[in-house]
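Chains A and B, in that order, are what the protein sequence lines are. Once you know that position 200 of the first sequence is 200 in my numbering, the rest is easy, because the numbers rise by one and skip nothing. Once you know that position 48 of the second sequence is 48 in my numbering, the rest is easy, because the numbers rise by one and skip nothing.
If you're looking for bench data, these hints aren't it; they were derived computationally from the structure. Certain hints may be false.
[Unchecked claim] The list that follows gives simulated cross-link-like pairs (lysine to aspartate or glutamate, EDC-like), each with its CA atoms no further than 20 Å apart:
1) B:9 with A:93
2) A:125 with B:11
3) B:9 with A:88
4) A:125 with B:18
5) B:364 with A:68
6) A:130 with A:162
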Amino acid sequence: MIKVENISKSYADVQALKAISFSVEKGELFGLIGPDGAGKTSLMRILMTLLLPNGGRAEMAGLDVVKEYKKIRRLVGYMPGRFSLYQDLTVEENLSFFATVFGTTIEENYELIRDIYVQIEPFKKRLAGKLSGGMKQKLALSCALIHKPEILVLDEPTTGVDAVSRKEFWEMLKKLQQQDITILVSTPYMDEAGLCDRVALMQKGEMLSIDSPQQIVDNYDRPLLAARSDDMHRLIQDLRQWDQVKTAYAFGRFVHVTPSNDRLQPDEVKAHLEKRNHQHVQSSFIKAGIEDVFMALMASDSRSTQSQSQSNEVKQV
Amino acid sequence: MNRFRGFVKKEFFHIFRDRRTMIILFGIPIIQLMLFGTVITNEIKDARIAIYDQSKDEMTQEITSKLLSSGYFLLDQNLETTNDIEAIFKKGRVKEVLVFGRDFSRKLKREGKADVQIIADASDPNLGKLLASYTSGIINDYIFKQMVDLHLPMQIEPEVRMVYNEGLKSVYMFVPGIMAMILMLISAMMTSISITREKELGTMEILLVSPLRPAQIILGKVMPYLGLSIINALVILGIGHFIFGVPIKGSWVLLMGESVLFIMMALCLGIMISSLAKTQMVAMFISVIALMLPTILLSGFIFSIENMPLPLQIVSNIIPPRWFIVILRNIMLKGVGLAYVWKETLVLVFMSAVFVTVAVKKFKTRLD
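I would like the entire structure built from these sequences, with the hints used as guidance.
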C-alpha cells in the first residue's frame with residue numbers, strides 16, 4: 001500500500017532523511033518510532049504529497065507521490081502533528097466542513113467514525129478550541145476519517161495526550177485496521193511500538209531496524225539485568241561509572257543494565273552496589289523489552305555518530 | 001461547487017466569531033470617517049484673536065464687529081500697547097493680533113489710505129496663513145462696500161470661484177481618501193491575515209491535502225471579504241453623502257463599479273502578500289508599512305501630489321489608492337463619466353492583473 005524507495009530529503013542545513021526504504025502492506029498498522037528530529041514528520045509529509053523529496057521515489061496505493069499527488073490527496077486521511085482544526089468552529093462544524101471539502105457528508109460515512117465520534121458527540125456544539133486534549137484528538141481523527149480514506153497517516157497523534165486517552169486511541173486504531181484501512185503512525189513513545197504490526201525505528205534520518213515488535217525483541221541476544229535500590233538517582237550514577245556496565249537506563253522503579261561483559265552476574269551487581277552503601281538492593285536477569293532493544297540500538301548508533309544526548313530524548317513511559 | 005460553498009461558509013464563521021476582525025471590519029471605518037470628517041479639518045472656526053485698536057473710531061469698531069460676527073474669530077482681549085503683542089503670543093492661546101493705526105477712518109477718508117497690521121502666529125504655518133487671508137478678506141470686503149464711490153484709476157478685480165467645492169470643505173477631500181484607505185485595509189490586510197493564519201495554525205496543511213484546488217481556497221478566502229468590503233464602501237459613501245453632505249454628482253453605478261474594481265485590486269494584493277508572508281505578524285506588518293503609510297502620505301489623500309518632490313511623485317504612481325482617489329473625486333465632485341477616468345481605471349485593472357499573477361505563481365500546492 002505504501003512503498004518507499006531510497007527517499008531522501010535535505011533542508012538548508014540538515015539532512016532530514018537519508019535514503020530511506022520500506023513498505024507497508026494493505027491493512028497493516030505500521031509504526032515509525034523515533035525521537036524528535038528523527039525525520040518522521042518529513043517522511044510523512046513526503047508521503048502526504050506535502051513535500052517533495054530530493055531523491056528516491058515513493059508510492060501511496062500505487063500512485064507516485066510527486067506526479068500523481070492530486071489523486072493521492074483523495075485517498076488518504078492525514079492527521080498532522082499539531083492540532084490542525086479550526087478552534088473557532090464547533091465540533092460539528094469542523095466535521096461537516098471536512099466532509100464537504102471531501103465531497104461527502106457526515107451521514108454518508110457515519111458508520112466509520114461512529115465509535116470515535118459518539119464520544120465527542122455530546123459536545124458537538126462546543127468550539128473545538130475549548131475541547132480537552134483527548135477530545136481534540138478524537139475530533140481530529142474523525143475529521144481525517146470522514147472521507148473514508150484507504151490510507152491513514154497520523155503524525156504523533158498521542159503526543160501531549162493523557163495516558164488513558166492514549167490507550168483508547170490505540171484501541172480505536174486497532175478497530176480501524178479491521179476495516180481494512182492501512183495505517184502509518186509515528187510516535188516518540190516506545191511503549192506504543194508493541195501495539196503496531198510492524199515498527200521502524202528511526203534516528204537522524206535513518207532507519208535502524210524494521211520488523212514486528214516480537215521479532216525485534218527476539219533478535220536481541222545480549223543479556224540484560226535489572227537492579228533497584230532505595231536511592232534511584234545515585235544508583236544510576238554509580239552504575240554508569242562502573243566499568244562493568246555499558247549502559248544504564250531508568251525503567252520505572254528499576255534500572256536496566258547492559259553489561260559490557262556478557263558474563264556479568266546479578267550477584268556481582270548486588271555486591272558492587274552494597275559496597276557503595278545502597279539499601280535494599282535487588283538484582284536479576286530480565287528479558288529485554290522492545291524499549292530496551294531500541295535504547296540499545298540507538299545507543300550503538302549514536303556512538304558511531306558521536307552524539308549520545310539524542311537517545312535520551314526518546315520518551316520512556 | 002458544494003465544496004466551495006462549504007469553504008465560504010467556514011470563512012464567515014471565522015469572521016463573525018472573531019471580535020477583532022469585526023471591529024476592524026465595521027468599527028474602524030465608521031470611527032475613522034467620523035474622525036477625519038469632523039476633528040481633522042483645514043477650516044477656521046473660533047480662532048482667538050486680540051485687537052490693539054489705536055483709533056477706536058466708528059470704522060475700526062465696525063471692522064472689528066464684522067470680524068467677530070463672521071464665526072471665524074473670537075475676541076480674546078483688547079490690547080493697550082504694542083508690548084503686549086509678544087507676551088500674548090507666547091501664552092499660545094491667541095493666534096492672531098490685529099493692529100489698527102491712529103486716525104484710521106480720518107486718514108482713510110482724507111488720504112484714501114489707512115494702516116492696519118495683521119500679525120499671525122505662524123508656528124503652525126498653515127493656520128497662520130489661513131487666518132491672515134481670512135482677516136484681510138473680511139477687511140477688504142468691508143472697505144469695498146464702504147467706498148462704493150471709490151474709483152481707482154485702474155483696477156483689476158479678480159472674481160474667485162472655487163469650483164467643485166465652493167465652501168472649500170475639507171470633508172470633500174477626506175471622504176474619497178478614507179474610502180480608499182479603508183477598502184485597502186480591509187481587503188488587503190484581512191485577506192492576507194486570514195490566509196497566513198491557516199498557514200500558522202497548520203490547517204493549511206490539511207486544506208492542501210484535501211481535494212480543494214488552490215484556486216478554490218483562494219477564492220473562498222476572498223469572497224467573504226469582497227462582499228463585506230462592498231457593504232463597507234456603501235456605508236462610507238452613505239455617511240459621506242448623507243451626514244457630511246459630500247455631493248455625488250456622477251452615477252452611483254459607475255462609482256460602485258470603480259469601488260468594486262479597487263476592492264478586487266486590493267484583494268489580489270492581499271493574496272500576494274499572503275503568499276510572501278509566513279506568519280500573521282509578517283502579513284500585518286507588510287500591510288501596515290507597505291500599504292497604510294503610503295496610502296495616507298503619498299496617495300494625494302492629505303498632501304497633494306503636485307507639491308511633492310519629483311521622486312516622490314514618481315513613487316506615488318505605483319500606489320493604487322492614488323488612482324482610485326482621482327477616480328472618486330472626479331465622479332463624486334465633478335460628476336464625470338467613465339470617459340474621463342478610463343486611464344485611472346485601466347491602471348487599476350493592470351495592477352490587479354499583476355498582483356494576481358504573482359499570487360498564483362507564488363501559491364504553493366505543497367508546504368515549502
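Outcome of the hint check:
Pair hint residue 9 of chain B plus residue 93 of chain A holds up; C-alpha atoms about 10 Å apart against a cutoff of 20 Å. Proposed proximity of residue 125 of chain A and residue 11 of chain B is supported: the alpha carbons are some 18 Å apart, at most 20 Å. The straight-line distance between the Cα atoms of residue 9 of chain B and residue 88 of chain A is roughly 13 Å, inside the 20 Å bound, and the hint therefore holds. Straight-line distance between C-alpha atoms of residue 125 of chain A and residue 18 of chain B comes to about 17 Å, which keeps the hinted pair within the 20 Å bound.
A C-alpha spacing of about 16 Å is found between residue 364 of chain B and residue 68 of chain A, which places the hinted pair at or below 20 Å, so the restraint holds. This hinted pair checks out: residue 130 of chain A and residue 162 of chain A have alpha carbons roughly 17 Å apart, not beyond 20 Å.
Violated hints are absent here; each numbered hint is respected by the structure.
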